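Respectively, the protein sequence lines represent chains A and B. Residues 8 to 199 in this note's numbering are what the first sequence spells out, letter by letter. Residues 7 to 586 in this note's numbering are what the second sequence spells out, letter by letter.
It cannot be assumed that every hint is accurate.
Computed list of lysine to any residue pairs in SDA-like fashion (alpha-carbon distance at most 25 Å, straight line) [claimed, not checked]:
| id | chain 1 | residue 1 | chain 2 | residue 2 |
| --- | --- | --- | --- | --- |
| 1 | A | Lys87 | B | Asp164 |
| 2 | B | Lys265 | B | Ser230 |
| 3 | A | Lys87 | B | Ser464 |
| 4 | A | Lys87 | B | Asp307 |
| 5 | B | Lys340 | B | Phe353 |
| 6 | A | Lys188 | A | Cys139 |
| 7 | A | Lys117 | A | Cys181 |
| 8 | B | Lys228 | A | Lys117 |
| 9 | A | Lys162 | B | Ser464 |
| 10 | A | Lys188 | A | Ser125 |
| 11 | A | Lys87 | B | Glu169 |
| 12 | B | Lys487 | A | Cys139 |
| 13 | A | Lys87 | B | Pro280 |
| 14 | B | Lys506 | B | Asp547 |
| 15 | B | Lys375 | B | Thr402 |
| 16 | A | Lys162 | B | Phe202 |
| 17 | A | Lys162 | B | Arg292 |
| 18 | A | Lys162 | B | Ile251 |
| 19 | B | Lys216 | B | Asp164 |
| 20 | A | Lys117 | A | Lys182 |
| 21 | A | Lys87 | B | Phe51 |
| 22 | A | Lys87 | B | Leu197 |
| 23 | A | Lys121 | B | Ser248 |
| 24 | B | Lys375 | B | Asn397 |
| 25 | B | Lys216 | B | Ala236 |
| 26 | A | Lys87 | B | Val278 |
| 27 | B | Lys310 | B | Arg292 |
| 28 | B | Lys37 | B | Phe51 |
| 29 | B | Lys216 | B | Glu167 |
| 30 | A | Lys87 | B | Lys216 |
| 31 | B | Lys37 | B | Leu25 |
Here are some chain A residues pointing at chain B (derived, C-beta under 7 Å) [stated by the list, open to error]:
| id | residue |
| --- | --- |
| 32 | Pro81 |
| 33 | Val82 |
| 34 | Arg83 |
| 35 | Gly132 |
| 36 | Ile141 |
| 37 | Gly142 |
No lab work stands behind these hints: they were computed from the structure. Keep in mind it's a predicted model, so treat the numbers as computed, not measured. Built from N, CA and C at the ideal position, the CB exists for glycine as well.
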Amino acid sequence: MDQTRSTLDLFNNVDLTTELRLGLPGSDGKPENVKSSLSGNKRTSSEMGSSSCTDENESRYSPPTKEQVVGWPPVRSYRKNILQVKKTESEMGSGMYVKVSMDGAPYLRKLDLKMYQSYEELIKGLQVMFKCVIGLYSEREGYNGSQHVPTYEDKDGDWMLVGDVPWEMFISSCKRLRIMKSCEARGLGEFV
Amino acid sequence: MGYSFPEEVLEHVFSFISLHTDRNAVSLVCKSWYEIERWCRRRIFIGNCYAVSPGIVIRRFPEVRSVELKGKPHFADFNLVPDGWGGYFYPWICEMARAYPWLEEIRLKRMVITDESLELISKSFKNFKVLVLSSCEGFSIDGLAAIAANCRNLRELDLRESEVEDLSGHWLSHFPDSCTSLQSLNMSCLLSEVSFSALVRLIARSPNLKTLRLNRAVPLEKLSTLLHRAPQLVELGTGAYSAEIRQDLLSNLTEAFAKCKELEGLSGFWDVVPFYLPAFYSVCSRLTSLNLSYATIQSPDVTKIITQCPNLQRLSVLDYIEDTGLDALSLSCKELRELRVFPSDPFVADANVALTEQGLVSVSEGCSKLQSVLYFCRQMSNSALTTIAKNRPNLTCFRLCILEPRAPDYQTLEPLDHGFGAIVDHCKQLQRLSLSGLLTDRVFEYIGNRAKKLEMLSIAFAGDSDLGLHFVLSGCESLRKLEIRDCPFGDKALLANVSKLETMRSLWMSSCSVSLGACKWLSQKMPRLNVEVIDEQGDLDSRPDSCHVEKLYVYRTVAGPRLDMPSFVRTMNQNPAYRR
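Turn these sequences into a full structure, and let the hints steer you where they fit.
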């Protein structure tokens, strides 16, 4: 209690009119107030040094990296969230990884669709990745004759045969790939 | 003196006086005017819900029809105010439900409102008409359902930027078929889908609907259906503005927009697919307000739109507009009053877009009616700021955010003191100012000396010493709200200007150099201020008085220390009865 009172008394006795000089930094030569540093580095105000109580306070004034500064820049959360979503979407656009499963294989793979310019290249890539034979696509027959049939899940959640739609449309609607065994894929071929 | 106007005459005269400041002035003239005025005041505005208690308000103003309340400090928008701080509406609605049976309008900003409160609103006021919840939280779709179901004469339901717990529920269908009074509906903040059929039916039976702001979940394919039902709309907020590319969809949409002859304001535009932008070109010539701040479209597309909007007064846009787009804006939109440019990628140091200070300079040159600016950018110079100031002395609001804290004039590497000094020097009507960049105490001297009409000032990462704060507190005569973060301002300036704090609504200081002892002293000296220390480290009692406080919020009040403080907020009032 006594300590509190004497600390508070300190404020009563301070002559604030002389403490706060109306001259500006450097105006009378006395360096009581600090010059601003152009690079925005840590301040060395004597006040700060004497009244900080933990090291934490001093580190508060080192130039913060963007990750550390809460609430800066002053952009509201819902706005940040929207832009974050957009960013992720566009990032995905620049590297379109989709999961690829093959019936019978123990684990799935991931494939960047942007690596390929055409169905031919994609099929070749799948064949290499899964060491299987898919063969050639024909509009009428699908992948008839091969043991494996490439299918994909589109935006609407439907399973489609790879190769029916133009490449660009395929890229924008393909969510994942599945290489089916041709015996199971017979149903798909019938609708072609 | 026996001579006076009859009360009824005075009351009639007062009914023409609507501004709160004027009403307050009227009430100070004499005791009888005070009495007459308080009985006929219908609208009250409380800028800080803790400055007064519901009881005091109700005792003084018994016949209120419209209440507007604000809760959390502005920096809560940027996550600087911890959850649970306060701003609860419940105590207010409890008393108002009893005291104001004829209440018609409630407008809240940055307050916490529960479903229980919403239900109480919906059941307590027979003639309830307007509910605006701006940046509020604490409620869910259930609360909205209660409002929809019970407010027979609802005219306006506006949830702007609130956080609503969206448990899936079809609250729109709770509007009874007999409800035809709706004029304004803003549900843009809702995350989940609404029942489209309920929405269509609601719109179809609301002939007076002027404002409709949809949420992102309403797909573009359905927009034309809605527009056909409401061609009288004045303000429209679209949902997601994307769909698969289909010519027929574009034609339908174009036709629907063309039927909306009253449309003056557009917003929404999430996920824009540029193919569909021409659909609303037919309304551009009439547009006074356009919010494209969610539209991640590039400069050419933005430019194409705004060059067709000669009557545009308010524009919000992302920095994708770039300097070239702002040049076009300055040439095409001579009626522009307000410009807001938001950052598309705020956390990346390098510029992702070609937007610089030059864009703002162009707009300041070309748009002579420009009054209000919010501008995020990566570089600024004193000469640009000076040019802007000279071009636009009619600015009333200037908020500049240079993304990098303490960034200097990029040309001279000097502080931006002179630039901002020019702003406050030329713009004599400036009411609101937000600073950024490298700034010394000098800028505060300029502000203190010149910014005589300044009411709200936001400061971040600026200044050298207490002198800076002292200049502001001792110089800015009209200052009402001061918010400061990460500045080396400490005890001296605060304690040299204690009486100033009672003339202001509030002061916020976080990550500054104010000591606990100074807070205690201030609180003792000024009993009509609440000096609240926010400290999440939890051991405030055992800290020495010399310790810096994390966050300080000081505000004037006639209600005494508040009783709803969480454990991390302490009032510095020494009376132990007030400590939780």
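Right, here's what the structure says about each hint:
1. The suggested pairing of Lys87 of chain A with Asp164 of chain B holds, with an alpha-carbon distance near 22 Å, which does not exceed 25 Å.
2. A threshold of 25 Å between alpha carbons decides the hint, and for Lys265 of chain B with Ser230 of chain B the separation of about 10 Å falls inside it, so the pair holds.
3. Pair hint Lys87 of chain A plus Ser464 of chain B holds up; C-alpha atoms about 21 Å apart against a cutoff of 25 Å.
4. The suggested pairing of Lys87 of chain A with Asp307 of chain B holds, with an alpha-carbon distance near 22 Å, which does not exceed 25 Å.
5. Distance check on the hinted pair: Lys340 of chain B and Phe353 of chain B sit about 33 Å apart at the alpha-carbon level, beyond 25 Å; violated.
6. Between Lys188 of chain A and Cys139 of chain A, the direct Cα distance comes to roughly 11 Å. Compliance with the 25 Å bound is thereby established for this hinted pair.
7. For the given pair, Lys117 of chain A sits about 13 Å from Cys181 of chain A by alpha-carbon distance, which is consistent with the 25 Å threshold.
8. The hinted pair formed by Lys228 of chain B and Lys117 of chain A fails the criterion: a straight-line CA distance of about 36 Å is larger than 25 Å.
9. Among the hinted pairs, Lys162 of chain A with Ser464 of chain B is inconsistent with the structure: their alpha-carbon atoms are about 46 Å apart, more than 25 Å.
10. For the suggested pair Lys188 of chain A and Ser125 of chain A, the alpha carbons sit about 23 Å apart, so the restraint of at most 25 Å is met.
11. In summary, the hint linking Lys87 of chain A to Glu169 of chain B is supported, as the alpha carbons are separated by about 14 Å, within the 25 Å threshold.
12. Between Lys487 of chain B and Cys139 of chain A the CA atoms are separated by roughly 71 Å; this puts the pair beyond 25 Å, and the hint is violated.
13. In summary, the hint linking Lys87 of chain A to Pro280 of chain B is supported, as the alpha carbons are separated by about 22 Å, within the 25 Å threshold.
14. Simply put, Lys506 of chain B and Asp547 of chain B have alpha-carbon atoms about 28 Å apart, too far for the 25 Å limit, and the pair is violated.
15. For the hint linking Lys375 of chain B to Thr402 of chain B, the alpha-carbon distance of about 11 Å falls within 25 Å, and the restraint holds.
16. This hinted pair checks out: Lys162 of chain A and Phe202 of chain B have alpha carbons roughly 21 Å apart, not beyond 25 Å.
17. Simply put, Lys162 of chain A and Arg292 of chain B have alpha-carbon atoms about 38 Å apart, too far for the 25 Å limit, and the pair is violated.
18. Note on Lys162 of chain A and Ile251 of chain B: the hinted pairing holds, with a Cα-Cα distance of about 14 Å set against a maximum of 25 Å.
19. Taking the CA atoms of Lys216 of chain B and Asp164 of chain B, the gap is about 13 Å. The hint holds against a cut of 25 Å.
20. For the hint pairing Lys117 of chain A with Lys182 of chain A, the CA-to-CA distance comes to about 11 Å; that is within 25 Å, so the pair holds.
21. In summary, the hint linking Lys87 of chain A to Phe51 of chain B is not supported, as the alpha carbons are separated by about 31 Å, beyond the 25 Å threshold.
22. A threshold of 25 Å between alpha carbons decides the hint, and for Lys87 of chain A with Leu197 of chain B the separation of about 15 Å falls inside it, so the pair holds.
23. A distance of roughly 23 Å separates the Cα atoms of Lys121 of chain A and Ser248 of chain B; the hinted pair therefore holds under the 25 Å criterion.
24. Our distance criterion of 25 Å between C-alpha atoms is met by Lys375 of chain B and Asn397 of chain B, whose separation comes to about 11 Å.
25. Of the supplied pair hints, the one linking Lys216 of chain B and Ala236 of chain B holds, its CA atoms being roughly 8 Å apart against a limit of 25 Å.
26. Straight-line distance between C-alpha atoms of Lys87 of chain A and Val278 of chain B comes to about 17 Å, which keeps the hinted pair within the 25 Å bound.
27. For the hint linking Lys310 of chain B to Arg292 of chain B, the alpha-carbon distance of about 15 Å falls within 25 Å, and the restraint holds.
28. The suggested pairing of Lys37 of chain B with Phe51 of chain B holds, with an alpha-carbon distance near 22 Å, which does not exceed 25 Å.
29. For a cut-off of 25 Å, the pair hint linking Lys216 of chain B to Glu167 of chain B stands: about 19 Å separates their Cα positions.
30. Between Lys87 of chain A and Lys216 of chain B, the direct Cα distance comes to roughly 30 Å. Violation of the 25 Å bound is thereby established for this hinted pair.
31. This hinted pair checks out: Lys37 of chain B and Leu25 of chain B have alpha carbons roughly 20 Å apart, not beyond 25 Å.
32. At about 5 Å, the closest approach between the beta carbon of Pro81 of chain A and any beta carbon in chain B falls short of 7 Å, and the interface hint on this residue holds.
33. With its C-beta approaching chain B no nearer than about 5 Å, Val82 of chain A sits inside the 7 Å limit, and its interface hint holds.
34. At about 5 Å, the closest approach between the beta carbon of Arg83 of chain A and any beta carbon in chain B falls short of 7 Å, and the interface hint on this residue holds.
35. Evaluation of the Gly132 of chain A hint against chain B yields a violated restraint, the C-beta minimum of about 27 Å exceeding 7 Å.
36. At about 28 Å, the closest approach between the beta carbon of Ile141 of chain A and any beta carbon in chain B exceeds 7 Å, and the interface hint on this residue is violated.
37. For Gly142 of chain A, the interface hint is violated, since its Cβ never comes within 7 Å of a Cβ in chain B; the closest pair sits about 31 Å apart.
Figure legend: structure checked against the earlier numbered hints; hints not met, in rising order: 5, 8, 9, 12, 14, 17, 21, 30, 35, 36 and 37.
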